[in-house]
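Residue numbers (our numbering), protein chains in the order written: chain G, 1 to 146; chain S, 147 to 406; chain X, 407 to 510.
Since the hints were made in silico from the structure, they are not lab data.
One thing to keep in mind: the hints can contain errors.
Mimicking BS3-like on lysine-lysine, the simulated pairs with C-alpha atoms at most 27 Å apart in a straight line are [to be verified]: (1) Lys290(S) / Lys389(S); (2) Lys148(S) / Lys30(G); (3) Lys107(G) / Lys148(S); (4) Lys167(S) / Lys156(S); (5) Lys50(G) / Lys418(X); (6) Lys273(S) / Lys290(S).
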Amino acid sequence: MIDLYILLGLIVIGYVVGQYLEQRHYRSIKQRERDFIGLATTTSKRPIGKIPDPSRVELVEGACVISVDYFKRFVARLRMFFGGNVRSYETLVDRARREAVLRLKAKCSNADQVINLRIETSSITKGRRNQVGSIEVHAYATAIYI
Amino acid sequence: MKYSPGLPEKNCNVSTEHPLKEFFVLLIGAISILLAVLLLLGLFVDLAVQYIDPKLESELFGSFTSDDESSPNEQEQELQSLLDRLGECIDVGYPVVVRINESDQMNAFAMPGGSIVVLSALLDKVKTENGLAFVLAHELGHFKNRDHLRGLGRSIVLLTISVLLTGANSDISALLTPVYNAEAAQYSQDRESNADAIALHALNCHYGHVGGAAEFFEIIAAPEYDLDWSLTHYFSSHPEAQKRINDLDTLARSQGYAVQ
Amino acid sequence: MLITNTEEIPGKQIVECHGVVAGSTVRAKHAGRDIMAGLKNLVGGELKGYTELLIEAREEAHSRMREQAEQLGANAIVNVRFSTSSVAAGASEIYIYGTAVTVR
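Build the full structure now, drawing on both the sequences and the hints.
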């Protein structure tokens, strides 16, 4: 019986605290995206429009590792039994990607353009078969300074 | 080419549905499936058990009997003769042997293959022959109902199914285990009540009265009062001691058994 | 909505660039497919159930990316790249990203 109570307690804590932290993170992400909106970013190899020869060109990177709370983990477990869209992980991957790209932009906030943006994703597992719920995103691109 | 950026108002990569809704829908779905599987399992096992007759059982499980090869001591011989006399009232279909094991717990078990193990603390606490007879008759009742086989069959099949579906060591079993335990406990409590009833009939058949039958429960009922969150009685495999005493009283009265 | 993984769309000219758009989904297979895959591991060959699963996931990610590009007012997405990873044992995540542009 005590196992059940512990489980329920963890789920409740995971839900309440997790939701709060996630909302806070999203607010920060949206704010920073607004700040960086002037920085032209593209996944193409060529810069946008015609630009004079750049004075400096460098590789910039941003990375982060994000994990889900216990409530989401639990819901995902149930979902993986039935199949379909694992909705509880959607915010995880969304946050992780946007955060990695924002960190990349923060490193080159003075640049004029950021080109050839690429994003690498991997999941962190300790090797145990059922370890779930964290994702590592690594974004890299070339920053052009005119 | 000009650069005209924008930020999308709606984030298409996340769904707007409330997470709790998904949680409850999935949870209720999983629990219903589990309960359905358990019910089917119960029916299936009950059906299968009827096909294992006592001779087959003693062939299959003969090796389960106690590995104490020494000849029975005096206490064991006494118990054995009591058991044999009770056996005239309850027909189990194969010979049942009783052994005593040293332990400070008060309990007795029915093992597949036809052996009853009585723990020594029970013999110390239960003083009257009637009380002992009830305990032995209760175990004989389990044999008659083939309860030991049912328990074995259910656990094996359920373990197989759950490993197949959710993978070994899965977290999901942490949640579904209480549901399974609750159902198994209810099933087990039913079987225990059945065994109690058979034991009462046997006592009446052998002694002509049923006084002292509830002695065992009266002994263990006393210290059982403790503060709990009142769900434990759903999860324990035996009905509460007081309930069993009450049930025995009711049954005795309805059958017209004398108490002295 | 034109979607390509080239720098330019042959025959058209890019007039506006709207930035990077992306679509992602996380999909899991149900327990039945798991069991069938386990059995298929004995004999080898294509795991049709999983193939279908990933195709569906990619289509959904595609449509999310298209929706995001439409919100920005683009009519084409160039330089599209894919990324697949497994977020959890039993669920895989598809991520598609590209540059949303207006072409004429």
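(Q) If you test the structure against every hint from before, which numbers come out violated? (A) As far as the earlier hints go, not one is violated by this structure.
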